[in-house]
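There are 2 protein chains.
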Amino acid sequence: MSKSEPEKGTQSPLCVVNHREHQCISKRAASMRRGLAGLGKKQHALNPYNKETNREGIVGLAIAENTLTHDVIAKKLSMIQSTFRLSVEILKNADAAGSKQFRETLAAFLTKYGGAVKPLNPDNLIIVNGGGSAVSMLSTVLCDPGDAFLIPTPFYSGIEPDCGRLAQVELVHADLTSQSGIGIQPFQLTVNTLEEGLLKAKKQGFIVRGIFLINPNNPLGDVYSKDLVMDCLIFAKSHKLHVIMDEIYMLSVFKEDVHFTSVMALEHLPDPDRTHMIWGFSKDFCMSGLRCACIYSWNDQVASSLKTIAEFHSVPTYLQSLLNEMILDKEWVTQIYIKLNHQRLKEFHSYMCKGLKDIGIKILEKPSGLFVWADFRQFINPSTFEGEFNLYNEFLDNKVYLLPGEGLFCCEPGWFRIIFSVSKDEIDQALERIATVINKRRSKEYIQSAISEISSINPKT
Amino acid sequence: MSKSEPEKGTQSPLCVVNHREHQCISKRAASMRRGLAGLGKKQHALNPYNKETNREGIVGLAIAENTLTHDVIAKKLSMIQSTFRLSVEILKNADAAGSKQFRETLAAFLTKYGGAVKPLNPDNLIIVNGGGSAVSMLSTVLCDPGDAFLIPTPFYSGIEPDCGRLAQVELVHADLTSQSGIGIQPFQLTVNTLEEGLLKAKKQGFIVRGIFLINPNNPLGDVYSKDLVMDCLIFAKSHKLHVIMDEIYMLSVFKEDVHFTSVMALEHLPDPDRTHMIWGFSKDFCMSGLRCACIYSWNDQVASSLKTIAEFHSVPTYLQSLLNEMILDKEWVTQIYIKLNHQRLKEFHSYMCKGLKDIGIKILEKPSGLFVWADFRQFINPSTFEGEFNLYNEFLDNKVYLLPGEGLFCCEPGWFRIIFSVSKDEIDQALERIATVINKRRSKEYIQSAISEISSINPKT
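Protein sequence lines correspond, in order, to chains A and B. If you read the first sequence in UniProt numbering, its first letter stands for residue 1, the second for the next number, and so on. If you read the second sequence in UniProt numbering, its first letter stands for residue 1, the second for the next number, and so on.
Worth flagging that the hints you see were computed from the coordinates, not collected in a lab. Some clues are possibly wrong.
Treat identical chains as interchangeable: a pair holds within one or across any two.
[Claimed, not checked] The list that follows gives simulated cross-link-like pairs (lysine-lysine, BS3-like), each with its CA atoms no further than 30 Å apart: (1) Lys100 <-> Lys346; (2) Lys92 <-> Lys424; (3) Lys240 <-> Lys202; (4) Lys444 <-> Lys92; (5) Lys240 <-> Lys339; (6) Lys27 <-> Lys200; (7) Lys240 <-> Lys51; (8) Lys354 <-> Lys200; (9) Lys92 <-> Lys354; (10) Lys339 <-> Lys92; (11) Lys255 <-> Lys92; (12) Lys330 <-> Lys51; (13) Lys346 <-> Lys237; (14) Lys75 <-> Lys424; (15) Lys75 <-> Lys92; (16) Lys240 <-> Lys307; (17) Lys118 <-> Lys51; (18) Lys100 <-> Lys362; (19) Lys27 <-> Lys240; (20) Lys203 <-> Lys51; (21) Lys330 <-> Lys42; (22) Lys75 <-> Lys237; (23) Lys27 <-> Lys226; (24) Lys357 <-> Lys112; (25) Lys118 <-> Lys92; (26) Lys51 <-> Lys362; (27) Lys118 <-> Lys339; (28) Lys203 <-> Lys307; (29) Lys237 <-> Lys444; (30) Lys307 <-> Lys92.
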């Protein structure tokens with residue numbers, strides 16, 4: 001999603017006052033909590049690392065933002081801007097779901113880059129101000145308050161407030177773990193896991209309306225196989241569940257030999273009336289600040305319902321026009337931008353992976369996204385979320401801000417998501433600081449294991 | 001509000017299917033109806049009048065959009081754009097409630113043009129993508145689903161879906177009528193009317209959380225006196241009610257001798273914790289398509305709660321930067337733009353008023369807004385909303401699209417809101433078409449009254 005990481009877990013001061021009569025805000029507003037990432041986010045915002053001006057500041061590798069091709073995008077938009085004729089049309093009342101022109105261009109763009117078997121219909125495409133809004137709108141239209149979506153964990157945790165804050169929709173978890181088996185990789189999504197999650201959710205009394213899938217996955221970096229995508233859709237159909245396929249990282253698959261299968265590319269959608277897709281410019285085009293994403297629904301009724309609330313999440317005509325120009329330049333998109341972005345993502349991913357391995361951190365190497373899923377379990381003591389939180393805080397104290405697995409609803413303590421789409425200097429600084437913490441823990445561990453060894457020899461000491 | 005008029009009254013096809021199992025959308029989505037204005041809006045969209053290319057098309061005077069200074073704004077934005085350095089900062093993840101810089105500039109702008117007694121605090125200002133979003137956000141934060149705001153009628157009816165669609169907040173009416181009395185003008189707001197409305201709402205079982213006031217008023221064009229604003233705020237305080245002061249037409253008061261009192265300009269706010277203000281660029285700066293408005297709340301807790309949902313309604317950093325530049329040029333704003341806008345609004349208002357009077361239509365002449373409130377009661381037969389709807393349809397058949405009072409929740413049939421901020425050619429065309437309908441009705445009335453006269457002489461015929 002194109003936004004800062006949400007905050008979870010910590011109690012907001014808003015929640016202290018419980019009685020409506022003592023406060024000026026609604027009960028629902030009072031229940032909107034902030035969270036775990038909040039602590040680091042605030043500290044980082046107050047004291048961000050800067051190579052020139054603040055070398056003692058905190059290096060932030062927690063927010064999934066791609067800065068690697070900022071230069072290319074800024075240059076391209078500057079060029080468009082310089083020849084852009086600002087007509088009065090841009091000032092006029094517009095279609096809240098997006099201008100006809102931009103919807104047509106974007107539908108063609110998605111058809112091409114999503115490998116759609118059939119051209120997308122611009123009438124079923126809704127332009128919205130960011131991925132978070134897209135999730136919120138689909139939640140509103142597909143669910144009533146209290147209904148739920150099933151989602152595999154770990155997942156980009158912003159989806160929770162995106163479903164919950166306005167739409168009041170719950171998320172129920174299908175937990176993936178590090179356990180592997182025959183033909184099963186650690187944290188691999190299977191239909192079996194979805195089935196177990198659904199059963200559990202129903203037992204808990206949830207009315208589950210759909211499944212939320214992130215492909216390519218955040219935080220795992222997984223790219224689902226075509227078979228897996230189909231299996232999930234068939235499973236969903238068998239339970240009359242909607243599927244929201246969040247493909248916000250669609251163009252951030254950086255390994256040449258990995259084939260990404262968009263839901264648009266399937267020859268046959270098992271249940272088109274219950275299939276919906278999200279994409280945006282924030283990640284794949286490095287423009288979190290420009291707030292432009294979209295929803296595609298194969299269901300006309302859903303598309304039409306989304307349009308009745310589109311005004312609340314609309315994108316300025318002006319920005320639509322700029323982006324329209326940008327993606328109309330197919331040669332630039334294909335030959336220059338995407339190539340360069342993949343090349344840089346691949347390079348920085350390798351650089352980060354090598355650095356972490358050199359420190360002795362295991363990682364799950366994956367072919368997409370802006371992050372690596374790193375295994376710090378051997379450095380967590382106790383092996384609990386409390387232990388994970390202590391390590392998170394020790395990183396923060398050592399001026400590096402990473403997102404712990406608990407902040408991504410991972411069911412297993414000891415995992416962290418580390419963003420690599422920053423400068424090499426920032427990666428170097430972060431690795432050095434991570435190494436300091438880890439080495440301290442290693443030596444502590446060494447001392448402790450030495451002590452416990454001595455204790456076992458001389459139990460009375 | 002910076003958007004097209006909502007639709008009300010007619011049943012959406014979505015509502016036909018009532019059983020959840022037969023449809024793919026939620027109950028709340030199915031209940032989102034479209035409305036009365038819809039019919040004309042669709043017809044107008046399919047066949048809009050154009051001086052050069054479609055002289056037989058429908059002249060639309062129903063959507064409150066100011067086109068009079070489009071030229072000046074487009075020129076100014078073009079100039080800003082031509083010197084604007086698009087830095088990578090603009091691409092980065094940003095504060096969802098608005099960049100610090102823009103919030104500071106806009107706070108200073110509102111302080112100056114709202115005549116604030118104390119500089120507004122940028123931390124209490126939230127930037128949002130349009131007035132509709134501002135209303136929705138305040139509804140969410142101040143009310144729980146089912147709670148209500150009290151609002152004087154007639155009112156800009158978009159506020160109903162703005163409160164209802166996402167936030168599920170009701171509007172209860174305090175009806176203003178054409179009846180005048182000692183010191184009371186037709187449709188004049190009084191605290192008495194609010195009191196009666198509140199009592200009625202409570203009797204009906206509504207939990208009323210606040211009062212929604214539009215000043216300058218849409219559709220009446222009224223500008224409230226300082227005393228009236230204060231009286232309303234004191235009344236609200238006595239009942240512990242929030243006040244949302246919608247000042248979206250703040251800079252569209254075009255009569256020199258009329259003084260507008262912003263809620264910001266009051267030396268002493270009776271209940272600052274329950275006072276909130278909305279303003280935007282759509283009306284006063286002729287940019288409905290650019291989607292930028294703001295909320296100012298004097299209550300820190302409310303401001304902080306608004307920020308937790310700001311992401312869903314955020315404005316691109318890029319657009320914030322352009323508008324920031326625009327309003328930083330105070331000389332242009334004060335000496336060129338506002339002067340010219342007032343001059344043109346005044347001129348076109350007079351032109352429309354004269355044209356309507358020449359046809360024999362009475363109007364309530366007011367000093368602000370983009371519309372006149374016109375009295376067609378003598379041409380309505382029967383004197384009911386059905387009669388009003390027939391006249392609305394007859395106008396549509398004659399290729400002029402006006403908004404009837406029922407579409408603005410007026411309690412009295414026979415009133416229409418007519419937009420004058422269009423081209424003089426469009427005004428001329430509309431007046432001619434209105435005159436055709438009215439003259440037909442006059443002659444019918446003449447014939448009917450002649451017939452009934454004859455009948456009374458020869459009762460057997």
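Review point. What hints, given by number in increasing order, does this structure fail?
Key: 1, 4, 5, 7, 8, 12, 13, 17, 18, 20, 21, 22, 23, 24, 25, 28, 29
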